[in-house]
Structure formats: structure tokens, C-alpha cells
Amino acid sequence: MLELLPRLRRFAIGLTGHPSDGDDLCQMTIERALTNRQKWQEGTRLDSWMYRIMRNIWIDETRSRTRRSQTFVHEEAGFAVGAGGGQEAQVELGHVGRAMERLPDDQREAVLLVMVEGYAYKEAAEIVGCPVGTLNSRLVRGRDALMAMLGETSPGEAT
Amino acid sequence: MTITPEELAAYADGELSGAQLDEIELAIAADPSLVRKVKEHRALRASLLAHFAPIVDQPVPDRLTRMLSGQEERDSPENEISENVVSFVPARERHEAKKAIPRWGWVVVPAIAASLALVLMPRGGSETSGFAAPQLALALDQQLVATQPADADTRILLSFRSKDGDLCRAFSGAEAGGIACRVEGGWRLRNVLQGSQTAAGEYRQAGTDDAALLAMVQDMADGPALDSDQEATAKQDGWQ
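Protein chains in written order, with our numbering: chain A, 1 to 159; chain B, 1 to 240.
Treat the hints as calculated values from the structure; they're not laboratory data.
Among these hints, one or two may not hold up.
[As the list claims (entries may be wrong)] Examples of chain A residues lying across from chain B (beta carbon under 7 Å, computed):
{"#": "1", "residue": "Pro-6"}
{"#": "2", "residue": "Ile-13"}
{"#": "3", "residue": "Gly-14"}
{"#": "4", "residue": "Asp-23"}
{"#": "5", "residue": "Met-28"}
{"#": "6", "residue": "Ile-30"}
{"#": "7", "residue": "Arg-32"}
{"#": "8", "residue": "Ile-57"}
{"#": "9", "residue": "Ile-59"}
{"#": "10", "residue": "Val-96"}
{"#": "11", "residue": "Cys-130"}
{"#": "12", "residue": "Val-132"}
{"#": "13", "residue": "Asn-136"}
{"#": "14", "residue": "Met-147"}
The beta-carbon is built from N, C-alpha and C at its ideal position, and this holds for glycine as well.
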């Protein structure tokens, strides 16, 4: 589990859009995983299991916060993170991060799982708990939105 | 035939196989606009990877590692519940986890490697023998992946040691991107790609095709890319 931590952090920071929130989410995930470790089935992937726990906590959190997203998303704070941690490298969320934040949660998690974490559609769909087709279409919507925001789309094309 | 956006994305992600793959490849071969779209998908993936990759190299905050190391102490062999823990993360799983997180995972992420292998994207980049112009050389000298500004004109994608033993850096800018290696006399350009059309918009766009660059890095590198500490050290040593 220790070796999964850097990747879990990346997913958490991607989901929350903010490093300290990401670390909080990581902490909750580890707690729940340790509490429920009997439920992990040997032979299945530990990383998928942990990711599933994390995204479930995150979904619960965002729901219970009823869109008080301003407390989670510090748009003006400049996204300069790692302040105060001497060794800690700075993460600039920058444009990509800001574009990611604008995505709906379901699209953002699909984009993160497949395009950043490198999961196959089937694995990502299992983590999210939805059919592969649903994941595929969320992914496409998320990508289209990102490309539009990042200016990587080429206008006027029929597919 | 009509290719849905879903199919195209799945293709770009290396998710298709068999007849479906053949069909799409045929359709793409006949339609340059689809080629461009696939490239855009891959460029987006490369930007996302480049954006999130540094997080994996950061030290994990103590409060998180402590939760787990504390756990392991409590569950030391003298402890009665040790069996649970041993079976919880068996050595095999650890090994797999390790394999799943290569240090430069964002270069060798299997999906990227697989999709590049399909060679839709021309493996462009001519070998050149020129040296980096002063402005580029400055960026190559000064910028570190972990600390460079997000809106830098030239972004350093990663640094690595080439099979020739030189320190090399992959860079990406609006007009051109490529790989430069530090040799006597300056930064020698090894591969240069022209940047794609750049629209001045609110957001920075990935200038050159980062994914294609990373594929070249893979061919040239003699091992994993430098992590942020190694890169800082290399800078101190003058990129020798």
C-alpha cells in the first residue's frame, strides 16, 4: 500500500483539484482501506480496490458538501501548493488543472483514470462502477470539453 | 462508414482490437481530419500526463506514510493479527505494484506506447546537428521540470541520460519542440519537431506533439528519466 501512495495522491489531487484536499482525501482512503482490509480479496488488484474506495469517498464528500465547492476549490489561491513543506516540490495546477476542475465529477474521474492513471476502459469502469459504454462516453465528453478549453480542438469538422 | 467520437477515442487509447480496429484504421487512412483528431487526443493525453506526473515524484507527506508504517509496526510478527497484514500485501502484489509505477511512467505508459506503435503519427523529427539558439539554451540550462512556470514559452518535459552518456532534455514550445543533449560547446539538437498551429487563446495549447517526442525519448534513453532531485543535481553539475 505504501508503494501505491504516490499514485493515490496523484488521483486524489486530480479529483479534488487541490493538493491539501487531495492529501485529506488520501488520508480518509487509507483509513477506510485499513478498516476494511478484510474485504479486499487476494488475487484482485489492490490498486483498483483503493481507487474505488477513494472515488466513493470523494463522491460522498462532494454530495454532502452540496456544492459548497468554493471551500474545496480555491480559484484565486493561485494553486501554489506545498507551501511550507521545505522539500516539497511545488505543484502548479496551471491551465490544465483549471480546465480539469471545470469538468463535471464523472467526466473528470473518467479522464483521470484512463488518461493519467493508464487504466483500460474495463478496469476504469469497474472502479467507477458503471458500464464500459458509459465510461467511454463520459470520457469523450470530458475530452471534448478539455480540448475546447485548452484550444486543442480543430473547429469545423464533421466526424 | 461513420466513426463515432467514442470509437475514435477508444482507438486513440489503444482500446480496440480485431475487426473493429481494422475498420477504424481504414477509415482513418482515408480521412486526414480523423488523423488530426487522433493526434489531438494523444496530445491531450500527453499534456495531462506531463501535468500530473510530477505529483508522483513528490515526497508523500509524513502524515500519510505514518498511517501505514504505524500499521506495520502494530502488526509486527509478535502481534497476533500479523497474518492478516502479511496476506494483505503479499510480496507478489508489491512487486506488481512496483511494476505498475515505473519511475517515468508517463513516458512508457503502456497505452501511449501501444498507440504510438500503430504508427498513425509519423515518427517525425529529423536528425539535426545544430545547436540550440541562445534563448532555448537558456531554458535548457535553467528550467527544472518541477519548478518551471506553467506558462513558460518553452516547457521542459523531462530530462534523461542518453545511451551515448549525454544528459538530454525533451522540450516543447509553441514553435518547435525536440530533444537537446548537452555536449561540449552547448546544447546539441538531436530531434526537432515543428510545433503545430498555435492559437492565442486563454489556455496554452500543447505546441508540438508531446507524445511523439516522448516516443523518441524512449528510443534514446538509457534508463528512466531523472526525478526532480536528480534533475536538480544535474543542473548544479552543469548538465555534464
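These are the hints, each one checked on the structure:
1. Here the hint on Pro-6 of chain A is kept, as its CB sits about 4 Å from the closest CB of chain B, short of 7 Å.
2. Interface hint at Ile-13 of chain A: satisfied, since its Cβ lies 6 Å from the closest Cβ of chain B, which is below the 7 Å cut-off.
3. A least Cβ separation of about 6 Å between Gly-14 of chain A and chain B falls short of the 7 Å threshold, and the interface hint therefore holds.
4. Using the Cβ-Cβ criterion of 7 Å, the hint placing Asp-23 of chain A at the interface with chain B is satisfied: the shortest such distance is roughly 6 Å.
5. The closest approach between the C-beta of Met-28 of chain A and any C-beta of chain B is roughly 11 Å, which is over the 7 Å cut-off, so the hint fails.
6. Against a cut-off of 7 Å between C-beta atoms, the interface hint on Ile-30 of chain A holds, since the closest Cβ of chain B lies about 5 Å away.
7. The criterion of a C-beta within 7 Å of any C-beta in chain B is not met by Arg-32 of chain A, whose closest approach is roughly 11 Å, and the hint is violated.
8. Below 7 Å, beta-carbon pairs count as interface contacts, and Ile-57 of chain A has none with chain B, the closest being about 15 Å; its hint is therefore violated.
9. Interface restraint check for Ile-59 of chain A: the shortest CB-CB distance to chain B comes to about 20 Å, outside 7 Å, so the restraint is violated.
10. Hint status for Val-96 of chain A relative to chain B: holds, with the closest Cβ pair at about 4 Å, below 7 Å.
11. For Cys-130 of chain A, the suggested interface contact is broken, since its CB lies about 14 Å from the closest CB of chain B, more than 7 Å.
12. For Val-132 of chain A, the interface hint is violated, since its Cβ never comes within 7 Å of a Cβ in chain B; the closest pair sits about 9 Å apart.
13. Hint on Asn-136 of chain A holds. Least Cβ distance to chain B is approximately 5 Å, under the 7 Å limit.
14. Hint on Met-147 of chain A holds. Least Cβ distance to chain B is approximately 6 Å, under the 7 Å limit.
Going down the numbered hints, you'll see the structure goes against 5, 7, 8, 9, 11, 12, while the others check out.
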